[in-house]
Amino acid sequence: GAVVSQHPSWVICKSGTSVKIECRSLDFQATTMFWYRQFPKQSLMLMATSNEGSKATYEQGVEKDKFLINHASLTLSTLTVTSAHPEDSSFYICSATSTGSSGNTIYFGEGSWLTVV
Amino acid sequence: QKEVEQDPGPLSVPEGAIVSLNCTYSNSAFQYFMWYRQYSRKGPELLMYTYSSGNKEDGRFTAQVDKSSKYISLFIRDSQPSDSATYLCAMSKNSNSGYALNFGKGTSLLVTP
Numbered sequence: 001g002a003v004v005s006q007h008p009s010w011v012i013c014k015s016g017t018s019v020k021i022e023c024r025s026l027d028f029q030a031t032t033m034f035w036y037r038q039f040p041k042q043s044l045m046l047m048a049t050s051n052e053g054s055k056a057t058y059e060q061g062v063e064k065d066k067f068l069i070n071h072a073s074l075t076l077s078t079l080t081v082t083s084a085h086p087e088d089s090s091f092y093i094c095s096a097t098s099t100g101s102s103g104n105t106i107y108f109g110e111g112s113w114l115t116v117v
Numbered sequence: 001q002k003e004v005e006q007d008p009g010p011l012s013v014p015e016g017a018i019v020s021l022n023c024t025y026s027n028s029a030f031q032y033f034m035w036y037r038q039y040s041r042k043g044p045e046l047l048m049y050t051y052s053s054g055n056k057e058d059g060r061f062t063a064q065v066d067k068s069s070k071y072i073s074l075f076i077r078d079s080q081p082s083d084s085a086t087y088l089c090a091m092s093k094n095s096n097s098g099y100a101l102n103f104g105k106g107t108s109l110l111v112t113p
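Quick mapping for you: the protein sequence lines, in order, are chains A and B.
Its first residue numbered 1, the first sequence is counted upward by one per residue in our numbering.
Its first residue numbered 1, the second sequence is counted upward by one per residue in our numbering.
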C-alpha cells in the first residue's frame, strides 16, 4: 500500500548547524505535503504546507527563513532546519495525501527525532 | 481558545473496560474527523475516519461526531493492554489538495491487565 518514508529517523546535530529531513511518498504522487512538529507531551502542530513547484505556506509563528521547505518533485519534500538551536529539538513528522477512487487517504511518515546539542 | 481541545489524561482503566475519549472543537468549518493512535516515539496511526456527523464502527472501536455540539468521541470496547497508547483526535476543513490536520493534545491511555 501507499507509504510515506521519512529520513533520517534520528539525528543529532550541533547548535548552529543545519539539518535536512526528507519526506517521500513511495508509490503515489503528492502535490501537497504537510510538516508537523511535536514537542514532548504536546500535540502535533502544523508548521507548514509544502506545495510542489511553489513556495511553502507557513503557519503563524513559524519562521520561514529558519525552516526551509523544498518540494522539488511530486514525491519528495524536504525540511531544512537552519542554524539549529537546542529549542528546535523536537519530533518532526510529515504527511501526504493519496488520492484514489475510494477517496483521499492521509499517510504519515514515521517521523524524525531531532536533538540539537 | 485552541481550535481543538482534548483532555490529556492520563486515563487508566482495567482490561476489558469500555474507554471513552473525547474532543471538542470551536471551528464549525471542520468536516473531516479522525482518531489516531500514537505509540511512544512513533508516528500517528489512523484508527477511524468520519465525515460530518454520525457514528462509525470498526471492530472494537466506535467513533461518534456531533457537529451541533462540536463534540467527537471514540469508544473502545473490551480494552486490551495493547491499546495503551496516546490517542489523538484530528480534524480538517478542506479536501482540495490535501488535508492539513488540527490535532488535539492527545489522551494518554493505560490499560492494565
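These aren't lab readings, by the way, just hints derived from the structure by calculation.
Keep in mind that this is a model prediction, so the values were computed, not measured.
From the three backbone atoms N, C-alpha and C, an ideal C-beta is built for every residue, glycine too.
Do not take every clue at face value.
[Unchecked claim] So these bits of chain A aren't anywhere near chain B, every CB distance computed over 10 Å:
1. G61
2. F67
3. S83
4. N104
[Unchecked claim] Partner residues aside, some chain A positions facing chain B, computed with beta carbon under 10 Å:
5. V11
6. C13
7. K41
8. T97
9. S101
Original post:
Which hint numbers doesn't this structure obey?
Top reply: 4, 5, 6 and 9
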